[in-house]
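Protein chains: 2
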Amino acid sequence: MATNRQFVLAQRPDGVPDDEDFDLVEGDVPEPGPREVLVRTRYLSVDPYMRDRMREGESYAEPWDVGDVLRGAVVGDVVESNHPDYDEGDTVTGNLAWADYAVADADNLVAVETGELRESVALGVLGMPGRTAYFGVTDVLDPDPGDTVVVSAAAGAVGSVVGQIAKLNGCRVVGIAGSDAKIEYITDELGFDAGINYSDRNVAEALAEAAPDGVDGYFDNVGGDITDAVFEHLNVRASVAVCGQIALYNEEDVTMGPRKLPTLVETRASVEGFLVGDYAPRFEEASRRLAQWVQNGDIEFRETVADGLENAPDAFVGLFEGENIGKQVVRVESEFDSS
Amino acid sequence: MATNRQFVLAQRPDGVPDDEDFDLVEGDVPEPGPREVLVRTRYLSVDPYMRDRMREGESYAEPWDVGDVLRGAVVGDVVESNHPDYDEGDTVTGNLAWADYAVADADNLVAVETGELRESVALGVLGMPGRTAYFGVTDVLDPDPGDTVVVSAAAGAVGSVVGQIAKLNGCRVVGIAGSDAKIEYITDELGFDAGINYSDRNVAEALAEAAPDGVDGYFDNVGGDITDAVFEHLNVRASVAVCGQIALYNEEDVTMGPRKLPTLVETRASVEGFLVGDYAPRFEEASRRLAQWVQNGDIEFRETVADGLENAPDAFVGLFEGENIGKQVVRVESEFDSS
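Chains A and B supply the protein sequences, listed in that same order.
Position 43 of the first sequence, counted from 1, bears residue number 43 in our numbering, the numbering being contiguous throughout.
Position 139 of the second sequence, counted from 1, bears residue number 139 in our numbering, the numbering being contiguous throughout.
Treat the hints with care, since some could be wrong.
[What the hints assert, rightly or not] A few chain A positions that, by computed beta-carbon distances, are all more than 10 Å from chain B:
id	residue
1	Ala181
2	Glu184
3	Ala286
4	Trp293
5	Asp298
6	Glu300
7	Phe301
8	Glu321
[As the list claims (entries may be wrong)] Label-pair distances were calculated between CB atoms; the ranges are:
id	chain 1	residue 1	chain 2	residue 2	range
9	B	Gln295	A	Pro212	48 to 54 Å
10	A	Gly27	B	Asp213	40 to 46 Å
11	B	Glu251	A	Glu251	21 to 27 Å
12	B	Asp213	A	Glu284	32 to 38 Å
13	A	Asp18	B	Thr255	34 to 40 Å
14	A	Glu251	B	Gly308	51 to 57 Å
15	B	Glu232	A	Glu232	24 to 30 Å
16	B	Glu113	A	Glu251	56 to 62 Å
17	B	Glu323	A	Glu323	53 to 59 Å
In case anyone wonders, no lab produced these hints; they're calculated from the structure.
Built from N, CA and C at the ideal position, the CB exists for glycine as well.
Go ahead and model the full structure; you've got the sequences and the hints to work with.
Structure, rendered in structure tokens:
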């Protein structure tokens, strides 16, 4: 019988996670029960929000306990099915273990059809990150043509799609990211109007040039200093969609920053936190439109692929070090191909 | 000829304003030009937002220069009219000088009819503060029956009306204020469900008792520590209306506080700054409804009256020391009654 490897939380990270926080545990491949299927992982997704599940205490995502198997969005193949809707060989996605194999309640899986695209797009531009960008721009920011929209972590899985959807809405789009390669990517390949490399520019000063008419919409993936700088440029009735705060995820305590509520009174701006999960009844709408845009070439995307399940923790930690351009995934299939 | 006294800004305040920042200047009573009227002040309004006009630099209200006459909402009588719409003896309200007499463009005045109520209500419950409460609750917070609504500066001109409108909407209402007398007023007289005296309670702890189901709507008049405490109790999809930040108005620099955007992601709450002036097209609706509520006894109100124009600066400074219950006005008419 084949062995199965899966990652468990070895200990709660202190600050930025490292290798010692993760244990790769070997065991038997699990057996699917009634109405369950066994899925062999092809790609798994690492996402910043997972850091929040590693800490004790309340969050919007239930915290993992030490010893718990880590889970996230996975694309894989059905290798055994006890459910009439799925056959062996079907490609599915769901929230599954960071593992070679996982058993899943078939009702929590969705069939994946990505046409000529690699199945991993179901974890990125056509998955949760793409839908997050879609609802954040379409529903939360809801910009008018001609508006200036700023997005942080602009070259990431969510930010890169945010900027392109805002461009499709006729906006001037400014992206903030942490390397020249990322700025080149968003301006030259994705068509953003301007990019600011926060690692070598004062963001507030750079925004005065890049957004000369001020900021009407801000899609915030990062929080912290970068967000403080953008707040200095908010226009009257500006809208801020708070999606993530990656700059703060590794902080154990609440951090201090300049108070922003006075700015909101001056500008009558609104700030709204949102979670893509709240839009579940409209996922089909988002997926359909994103797929059309990708097919038409209106939305381009990149993936950064780490090879091998054993490298999932490094890929995850890399998110906080700004290593990925586009969606960071881990390719797992190569592991069992040789087994 | 009668003399006229008016206040000018003597110097920009450093921190909390004091007497030296104001000069009472005597001169002739001005002559109204074509289509203008001369108004003799009965009551003038002092409001926290005026502090912002005393500082240099941009704000939503145009800054006053040193030497400028201070202005604000005034109720007074027309004593000379060059405009067909106004006769001598009419009572009017408008944005006029802190003075015994002021000349006004008649187009910027509104006739005041307060029935059996003292004319000063046009500066309070039936004026800008009442309308601020109305739009802040009705449009920005828009609470459902059963929601818990918290308001800071709860015994003030705006807060006291906010809480009563929220009660009319079927909400549980918790007020935060700075003295036992204020807490007694809002709970015993105005019908708030609970009150927290921030001067002798830890607000975050007290809210756990006073708002056991969390906070669905927060009307913020103060900012700073009190607002930080309320943010710890925001429910999923909570709404925050940012009306004023009186705790911060006397700070010259941006102050630091705990970062709140992570809370917004967790709760998917929204925070919106608003200014009553943006609702000008709907002032009549607000005035009509507020007048009905006052007439029915659904909304009660108090005023704190300072006597004599010369006491306007003290009344203004008192706002920042929490001296007033209900609307703080200055009665000016007694001055000329004896002249």
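The hints, checked one at a time:
no.	hint	in the structure
1	Ala181	holds (27 Å)
2	Glu184	holds (29 Å)
3	Ala286	holds (17 Å)
4	Trp293	holds (26 Å)
5	Asp298	holds (28 Å)
6	Glu300	holds (27 Å)
7	Phe301	holds (24 Å)
8	Glu321	holds (20 Å)
9	Gln295/B <-> Pro212/A: 48 to 54 Å	holds (52 Å)
10	Gly27/A <-> Asp213/B: 40 to 46 Å	holds (44 Å)
11	Glu251/B <-> Glu251/A: 21 to 27 Å	holds (25 Å)
12	Asp213/B <-> Glu284/A: 32 to 38 Å	holds (34 Å)
13	Asp18/A <-> Thr255/B: 34 to 40 Å	holds (36 Å)
14	Glu251/A <-> Gly308/B: 51 to 57 Å	holds (54 Å)
15	Glu232/B <-> Glu232/A: 24 to 30 Å	holds (26 Å)
16	Glu113/B <-> Glu251/A: 56 to 62 Å	holds (57 Å)
17	Glu323/B <-> Glu323/A: 53 to 59 Å	holds (57 Å)
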